[in-house]
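Numbering that gives the first Met the number 0 numbers the first residue of the sequence shown as 0 and each following residue consecutively.
I should point out that these hints are in silico values taken from the structure, not numbers from a laboratory.
Any given hint could turn out to be false.
What the hints assert, rightly or not - Derived SDA-like pairs (lysine to any residue); straight-line CA-CA distance at most 25 Å:
#, residue 1, residue 2
1, K189, V256
2, K189, A115
3, K452, G428
4, K452, S493
Said to hold, decoys possible - Label-pair restraints from in silico Cβ distances:
#, residue 1, residue 2, range
5, N44, T229, 46 to 56 Å
6, G147, T52, 35 to 45 Å
7, D294, N383, 19 to 29 Å
8, A202, S300, 45 to 55 Å
9, D396, N322, 51 to 61 Å
10, T229, G18, 32 to 42 Å
11, G66, N322, 49 to 59 Å
12, G237, G66, 31 to 41 Å
13, V39, S268, 36 to 46 Å
14, E280, N322, 13 to 23 Å
15, G147, A202, 18 to 28 Å
Glycine included, each C-beta is placed from N, C-alpha and C at the ideal position.
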Amino acid sequence: MTAVATSTTDVDVSWTTGGSTAWQIEYGAPGFTPGTGTIVNALTNPFTVTGLTSGASYDFYVRDSCGAGDVSMWVGPASATTFTCTGGCTYTLELGDDYGDGWGANGQYSVFHQLAVTTGSVTTNYTMSNTTGALGSSETFTFNVCDGDTLYLEFIDNGQWDDECGYTLKDPNGVVVSSVANGSMTPGIKYQGSANCSSPCPAPVPTFTFTDNFLSVDFDATASTGAALTYAWDFGDGNNGTGDTPTHIYGAGGTYVVTLTATDSCNQSIDFVDTIQVCEELTTANITYTQSAFDINFDASGVAGADSAYWTFGDGNTGNGLNPTNTYSGSGNFQVDVTVYNACGDQADTTFFVTICVQPTATFSAQIISAGGSGMQVQFDGTNSTGGSSYLWNFGDGNTNTTSNYPLHTYAVTSTTYVVSLTVYNTCGDSDTYSSVLGDALGEDEYTLFNVKVFPNPAKGFITLESDAGMEGTISLIDALGRTVVEMNANGMSNQVIDVRDLSAGTYVLRVLNNGQLFQERVQIVK
């Protein structure tokens, strides 16, 4: 263990532990018996003992403390003397002898040569026996000085063998202040000067910044301060570097603890440690989705390094996360925009399209808007069809329409026997077709727009139609196969007669289109 004064009231004590993480330190006047001094508990090594007396000498002991009553034997002592001034420091004096028998000045070793060291107004004589230190070869002493104190060394020859002696005096920075090689000593003044407690090399202050381009990181330690610094880097991934502005390429994204060691011309080394986050370059190539009817599960978890994402689904909805689900309300082709982010704040964007398709169903109804000698105008309504994005109408007269699911069509010839078809397509190309005779597609209100009496029914030769007003337009008879077997124009009278003598017995549909109104009734012809 060692004890080193650091101020007028503080001493740093350090030691080699037996494995404990808690210790007890006992201190007192030089030569005190352990158990009679002052005990403090220590949780760090080294540990600073504070509150001491200025200019006082102390012995220090230390022991491991593993719990109540579980302690090791005391180890020590290590000695130190607090400074008598602010900014004091400790010099080191090593005495040597090339013969190895100490600084004895006579054969009886009752008289010794001395090195008188004066600091300020205090003189201390140092010597060496053949039973201490390195058993007569060398012995080391320390003493405190105040910055600027007079420092005076004189060798005092007290007898024989003075030329065997030597010494080395070092300042607190390890710089040799004065020395005489062993075997070269002569009596007299050896050094006159002033104590210097300031360091020729202030402790280095390392620091660094970094700029990353994905896995490539440029480090910059040029803002570090110190004397003639050299730099050693531990990049935290098992690789090392040197220099003040190195570039390192990491093998994978992640968090790394980087250590910069700055060493100055006085061989002082200080570490600066920082944690950095590096990320792989983002790519959007691995974004996928799966579909179940109107539900789509999106997946960006395959994007290396991505930890979050923001989505717009093209239907007004948005989402967050790497695995969102969106439910679409209908068929269509939707533009999906996604931005993925990594832990470094980088982002990557992409756009793609998803197609939602359900099997379409076609249906329609019709309403006669007007009918007469100039033709018939019919409003078709396919809005109750489902799943469609486009429509194809075939009106049964050779004309088609693809522009709307609610077309208005004009027939050149008034008739309800046209076979009309509507084909509905979705965006995936699936289709459904619904076909109907126009008369069947007309709504119930089309049959009750005016009153007509039909007699006789069953009929054998003639059928008479009687109305409250004159009838115009078309009168038709349609057989069971949907064929129009009689078609005639009403003459404007309230009574109309149809000749059915040439028709076969059976059931027929009688239809009357009268100025946009429709009457329909089944009649029976017998023979």
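Hint check results:
1. Between K189 and V256, the direct Cα distance comes to roughly 52 Å. Violation of the 25 Å bound is thereby established for this hinted pair.
2. Of the supplied pair hints, the one linking K189 and A115 holds, its CA atoms being roughly 10 Å apart against a limit of 25 Å.
3. With a C-alpha separation of about 50 Å, the suggested pairing of K452 with G428 is violated against the 25 Å cut-off.
4. Our distance criterion of 25 Å between C-alpha atoms is met by K452 and S493, whose separation comes to about 10 Å.
5. A hinted range of 46 to 56 Å for the beta carbons of N44 and T229 is inconsistent with their spacing of about 29 Å.
6. Distance hint check: the CB atoms of G147 and T52 are about 23 Å apart, inconsistent with the given range 35 to 45 Å.
7. Between D294 and N383 the beta carbons are some 25 Å apart, a value that agrees with the proposed interval 19 to 29 Å.
8. Between A202 and S300 the beta carbon distance is about 49 Å. The supplied range of 45 to 55 Å therefore holds.
9. For D396 paired with N322, a C-beta distance near 55 Å keeps the hint of 51 to 61 Å intact.
10. Between T229 and G18 the CB atoms are about 35 Å apart, so this pair conforms to the stated range of 32 to 42 Å.
11. For G66 and N322, the hinted distance range of 49 to 59 Å is satisfied, since their beta carbons lie about 51 Å from each other.
12. Remark: the range hint 31 to 41 Å for G237 to G66 is upheld by a beta-carbon distance near 39 Å.
13. A beta carbon spacing of about 30 Å between V39 and S268 contradicts the range 36 to 46 Å that was offered as a hint.
14. Distance hint for E280 and N322: a CB-CB separation of about 22 Å, consistent with the stated range 13 to 23 Å.
15. Distance hint for G147 and A202: a CB-CB separation of about 22 Å, consistent with the stated range 18 to 28 Å.
This entry does not satisfy hints 1, 3, 5, 6, 13, going by the numbered hints stated previously.
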